[in-house]
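Undergrad: Residue numbers (numbering that gives the first Met the number 0), protein chains in the order written: chain A, 0 to 195; chain B, 0 to 194.
Bear in mind the hints are in silico, worked out from the structure with no lab data behind them. Be aware that one or more of the hints could be misleading.
What the hints assert, rightly or not - Covered by chain B, per the in silico footprint, the following chain A stretches (three or more residues, Cβ under 8 Å):
id: 1; segment: 86-100
id: 2; segment: 114-121
id: 3; segment: 144-150
Claimed, not checked - Chain B stretches covered by chain A per the calculated footprint, using a threshold of three residues with CB under 8 Å from any CB of chain A:
id: 4; segment: 97-110
id: 5; segment: 127-141
id: 6; segment: 145-158
For every residue, glycine included, the Cβ atom is placed at its ideal position computed from N, Cα and C.
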Amino acid sequence: MQYTPPDPSTFLSRLAMYPCCPATTTGEQFRRALASRSEVVLILRANGLELAPFISQAHEVGKLVAVHLDLVSGLRGDRASVQWLSESGADAVVSSRGHLMAAIRHERMTAIQRLLLARLAQLSTGLAAIRRSAPDIVEVLPGVVLPEVRHLLPDLGLPLLAGGFVRTVDDVRALLACGALAVTSSKEELWSLPYD
Amino acid sequence: MTDWWGIHLPRVLEASDGWADWDPPKGGDVGLLLRDTSLTALTTHTRRGQAVAVDIDSIDGLSDDAAACEFLVRKLGFRIVLAHHQATAAHIAELGALALLRVFAVDSTGLRRSLEGPPRGEGIGSAVSPGLVLPHLGADELALLPRPILAYGLIDRPTDIAACLRCADAIVLSRQALASARTSGALAELARLAL
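Chain A extracted, bound-state conformation (with noise of 0.2 Å):
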């Protein structure tokens, strides 16, 4: 039987549960992920066309996975890459190619379309870009500087993650308090503390 994930509204809730969600780059790190007190785990680095042994692994310890289109390897970026996303039992796709936001929710997985902040000229097209698309979810990167521009950034009205160079406890703090509903660290130790 198909697995089918969860609708956008219990993905958030699950995410909202824990703020730092662990963004891993390779295996061993994925699977200290599942040990973490975070709900949803996110995989940045493998190869896309495996995955499916390793989501199934998250399923069985009660975890949601995430996965970087943009960033795994073997896969285009397109349609069929999002449809074998699911099919490989993703619970959520996230991409900088709003495109595809459209295509991820026609597969019930949950949206989160890229903001990268490099240059404030470039700042309103990709605004734009979230508005035209309407993702579930919005990941600001690097979202260490959000504090620093977060006056720069109209309410959209979507849930805001935050990750990139997330590093200690003062970062996903001051991440919290400006606004975020979670934020996204490779940083092992952050995976499991106390926020409160």
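Chain A is fixed; fit chain B onto it per the hints.
TA: Just chain B now, with coordinates in the frame of chain A:
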């Protein structure tokens, strides 16, 4: 150090689309970076002889191939060129100009990935975007970046300017941010940092 392979890199590059007049600020090491503009504006402005740097990938109508590199360096006289692709940066360096290869530093995984590839030769530094992230990088990550390092993007407030100048060889500012820094209480600190 502000000279790299015999080319002077100003501590501050003021970003401009080339349409507005530009009076070089007095008493500071400030140059002009042309970006987000057209070939027409580029050639018009360079006739005034003020611009030292250009972002090759943001000029409408201009490719980033060998002919475009030669046009910028040999015909228009740019000494500093920002480029997305390593082949373009290598060509700029071969022409005797300083190339600053764009590095997108949005997370640690992406940063290391963007620095993968063959080692860079002489004459190629780094233009890190967003520049605002530089003060948040670890010493090991800063050490990975080939110098000179230009901090490029989202640097706006005087405190951010000072922080970025401490870890970069040069920074890019908008005219507004530069004016704001000059009139704010951070002026003394900026002057100490050779602005």
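Undergrad: Can you list which hints this structure breaks, lowest number first?
TA: Hint 1 alone not satisfied by this model.
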